[in-house]
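The listed protein sequences correspond, in order, to chains A and D. Note that this note's numbering has the first sequence beginning at 3, numbered continuously upward. Note that this note's numbering has the second sequence beginning at 3, numbered continuously upward.
Note that these hints are calculated values from the structure, not bench results. Source: prediction; values computed, not measured. Take the hints with a grain of salt, since some may be wrong.
In this list, chains with the same sequence are indistinguishable; a pair is considered to hold if it fits within one copy or across any two.
[To be verified] SDA-like cross-link-like pairs, simulated, lysine to any residue; straight-line CA separation at most 25 Å:
id: 1; residue 1: Lys11; residue 2: Gly146
id: 2; residue 1: Lys65; residue 2: Tyr126
id: 3; residue 1: Lys65; residue 2: Arg188
id: 4; residue 1: Lys65; residue 2: Arg186
id: 5; residue 1: Lys11; residue 2: Glu46
id: 6; residue 1: Lys65; residue 2: Ser90
id: 7; residue 1: Lys11; residue 2: Glu153
id: 8; residue 1: Lys143; residue 2: Gly191
id: 9; residue 1: Lys143; residue 2: Ile62
id: 10; residue 1: Lys65; residue 2: Glu15
There are 2 protein chains.
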Amino acid sequence: MCPKMSPVKIHPEILERRIVARSRLFAVEQLELRFSNGVERTYERLLTPPIPAVLVVPLIDPKTVLLIREYGAGVERYELGLPKGARSQGEGVIETANRELMEECGYGARTLEPLTELTLSPGYMGHRIVVVLAEDLYPQKIEGDEPEEIEVVPWPLADIDGLIAREDFSEARSLAALYMVRDRQRARGIDV
Amino acid sequence: MCPKMSPVKIHPEILERRIVARSRLFAVEQLELRFSNGVERTYERLLTPPIPAVLVVPLIDPKTVLLIREYGAGVERYELGLPKGARSQGEGVIETANRELMEECGYGARTLEPLTELTLSPGYMGHRIVVVLAEDLYPQKIEGDEPEEIEVVPWPLADIDGLIAREDFSEARSLAALYMVRDRQRARGIDV
Numbered sequence: 003m004c005p006k007m008s009p010v011k012i013h014p015e016i017l018e019r020r021i022v023a024r025s026r027l028f029a030v031e032q033l034e035l036r037f038s039n040g041v042e043r044t045y046e047r048l049l050t051p052p053i054p055a056v057l058v059v060p061l062i063d064p065k066t067v068l069l070i071r072e073y074g075a076g077v078e079r080y081e082l083g084l085p086k087g088a089r090s091q092g093e094g095v096i097e098t099a100n101r102e103l104m105e106e107c108g109y110g111a112r113t114l115e116p117l118t119e120l121t122l123s124p125g126y127m128g129h130r131i132v133v134v135l136a137e138d139l140y141p142q143k144i145e146g147d148e149p150e151e152i153e154v155v156p157w158p159l160a161d162i163d164g165l166i167a168r169e170d171f172s173e174a175r176s177l178a179a180l181y182m183v184r185d186r187q188r189a190r191g192i193d194v
Numbered sequence: 003m004c005p006k007m008s009p010v011k012i013h014p015e016i017l018e019r020r021i022v023a024r025s026r027l028f029a030v031e032q033l034e035l036r037f038s039n040g041v042e043r044t045y046e047r048l049l050t051p052p053i054p055a056v057l058v059v060p061l062i063d064p065k066t067v068l069l070i071r072e073y074g075a076g077v078e079r080y081e082l083g084l085p086k087g088a089r090s091q092g093e094g095v096i097e098t099a100n101r102e103l104m105e106e107c108g109y110g111a112r113t114l115e116p117l118t119e120l121t122l123s124p125g126y127m128g129h130r131i132v133v134v135l136a137e138d139l140y141p142q143k144i145e146g147d148e149p150e151e152i153e154v155v156p157w158p159l160a161d162i163d164g165l166i167a168r169e170d171f172s173e174a175r176s177l178a179a180l181y182m183v184r185d186r187q188r189a190r191g192i193d194v
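Construct the complete structure from the given sequences, taking the supplied hints into account.
Structure follows, in structure tokens:
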């Protein structure tokens, strides 16, 4: 704990909020904020999905993670990353993690453990994703809504540097989750 | 390099693109895609800023990073994270990094080195951010456009776990960049 950090900070007051743009998947909300020092500002942010999504770190063995290679319409190229997806209505985090793993990697997991929750860009997105470690995998494929078959790519946890060096790996959430799991395996005495 | 990974993958054809929603800061683009297997899908993505933003990892000493504590309108709370910002017109990556560091932390850096580029959510955002390591700091404050003074919080690189455990630290890009710099310091023989 840092001694310089003030324990309490008064949140800005939200004076007004309204939707200023909307599409099928996205909505933009405009906020009028008054900070505790009296300064007023207009912010825009994306409307946040009601529940966090799920990001899975599937270990096919204690030293090897399964990545997927999927087309990213945002970056207009195929990208390596971890399997992930939104929770369906009434579905729990562990259930979503196992479903996405079966759909995207063709495996189920006997052991699933939520590790932490990550945000994308707290300044203008409330989007959250729960990182779930999946172990003790067994082959189990279910059909998802993917437009084409997803390629599954085993990758050594010891070689995160090699992944960063690739042009088709860039997603911060996947990278953060991989470091976290690698550290965890090292703490368990596994040489990765 | 994984032997199972196919070297070439034919990108989907973009049949049509149009803006379906727009606000002051955001725009949503709808894409009609035809995958190489003939399947057609409609995607939505955020319009991407023309140039990458910059994320700074400022080391006040070889074992300590400077975090900032700033209100995140997306998550409606104060969040710890690394200083970052968009590049101004004609501004280079290193220049932006040093400017943001002066505005948000009150330091300039004599050594600035781009490490890698991260994306936010490749599926529906093209947004990119360059991670810049800043070292050899010296006090230098310039005024930014922040609505209130930003709190600067020194944090030991050795205690990433302590940061993850906090409720006010969650941003995947900051976390990925911190792991990356910690690994780099360890590779230099620094005990963090």
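Verification of the supplied hints:
| no. | hint | verdict |
| --- | --- | --- |
| 1 | Lys11 - Gly146 | between (44 Å within a copy, 21 Å between copies) |
| 2 | Lys65 - Tyr126 | neither (36 Å within a copy, 31 Å between copies) |
| 3 | Lys65 - Arg188 | both (10 Å within a copy, 21 Å between copies) |
| 4 | Lys65 - Arg186 | both (11 Å within a copy, 21 Å between copies) |
| 5 | Lys11 - Glu46 | within (22 Å within a copy, 37 Å between copies) |
| 6 | Lys65 - Ser90 | neither (31 Å within a copy, 43 Å between copies) |
| 7 | Lys11 - Glu153 | between (47 Å within a copy, 10 Å between copies) |
| 8 | Lys143 - Gly191 | neither (32 Å within a copy, 45 Å between copies) |
| 9 | Lys143 - Ile62 | within (15 Å within a copy, 49 Å between copies) |
| 10 | Lys65 - Glu15 | neither (48 Å within a copy, 37 Å between copies) |
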